[in-house]
Amino acid sequence: MAGDTELTSTSYIQHHLTNLTFGQTENGWGFAHSGQEAAQMGFMSVNVDSLGWSIGLGLIFAFIFRYAATRATSGVPVGFQNFIEMMVEFVDGTVKDSFHGHNLWIAPIALTIFVWVFLMNLMDLIPVDFIPHLFEMSGVPFQKIVPSTDPNITLGMALAVFSMILYYSLKIKGITGFMGELTLQPFSAKNPIIQAIFIPINLALELVGLLAKPFSLGLRLFGNMYAGEMIFILIAIMYMSGSIVLGAFGGALQLGWAIFHILIITLQAFIFMVLTVVYLGMAHENH
Amino acid sequence: MIAAAVMVGFGALGAAVGMGLLGGKLLEGTARQPELGPMLQGKMFLLAGLIDAIPMIGVGIGMYLIFAVAPGVAG
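Protein chains in written order, with our numbering: chain R, 16 to 302; chain H, 443 to 517.
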């Protein structure tokens, strides 16, 4: 690795865990040259690699689905169009199971979240060094190709879902209904004085539940993907030892873990989508 | 390092017990009504992912502590 004085396991791992951060260094605006420097940049810094890959994958998703939609034919679908229609039907079925309100935007939101998160997680299956090495040969020091291992990306998506939850809650229930839902559950009483005492307790409990939703949503995806990538990097370290046997064993381990990871990727994208639909459904409930 | 070990260990313990109960209930439900088998299995995978969420967050934080924080503190 260019710039490292010594290629140890720790430096290899830390090198592969560093994002390409653009922010304010001592010499003005530029890319960070180490993990510590990236941490010192503070809030006004941008992880260029995560943003680039996530936006790029989003555009790929949009173009592929638009290509299928503009060339859609009625009649029995074959091949590519069949695949796209299967995915749309799958998401449609899932949304119909979980969402009991009346909103035309929910199914497209669910489809976007599912396919986008799945594509981002799919980048985890590309061997660890392939693309970052290409980037390094063209001079870019750090590169992490899996956007969902960046907590900024996952928590950002969870924050977007949370703002949708709040928006729909306020729109459907009104501000009084929403505040009532927060303050009058789970303890309620007929006597107004006891009710007033219960309000702060209810508010504390309900706020914890409300805030737990976006945090758990974002951190669940982040934790799964980060742990998966970490294990990929750790197995990749086995190649650094000199012997062929350990190298071949490492290859077999990578293959096994990658096959298991395919299940994890799909499952996590599916869970993100289902929970989004369920939370939005809860936001639409109107007693 | 010890903090990371405690986090990962207890998370794994909770996840294992939860998954065991979940799998047992799936088998029992499928034995009672075999025609519901595929639907129950689909729901089981969903719940398995949800149960795994908190321990996985713990593993992610633990890995970060072991490999990114501990060398920084020791070096």
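What the hints contain is simulated information worked out from the structure, not anything from laboratory work.
Quick reminder that beta carbons are idealized off the backbone N, C-alpha and C, glycines included.
Each hint should be verified, as a subset may be incorrect.
[Said to hold, decoys possible] Some but not every residue of chain R turned toward chain H, in silico, with C-beta under 10 Å:
1) I28
2) L32
3) I141
4) Q200
5) S231
6) R235
7) L236
8) I248
9) A267
10) Q269
11) L270
12) A273
13) I277
14) L278
15) L282
16) L290
Hint-by-hint comparison with the structure:
| no. | hint | in the structure |
| --- | --- | --- |
| 1 | I28 | holds (5 Å) |
| 2 | L32 | holds (6 Å) |
| 3 | I141 | violated (20 Å) |
| 4 | Q200 | violated (23 Å) |
| 5 | S231 | holds (6 Å) |
| 6 | R235 | holds (4 Å) |
| 7 | L236 | holds (9 Å) |
| 8 | I248 | holds (9 Å) |
| 9 | A267 | violated (22 Å) |
| 10 | Q269 | violated (17 Å) |
| 11 | L270 | violated (21 Å) |
| 12 | A273 | violated (17 Å) |
| 13 | I277 | violated (13 Å) |
| 14 | L278 | holds (9 Å) |
| 15 | L282 | holds (5 Å) |
| 16 | L290 | holds (8 Å) |
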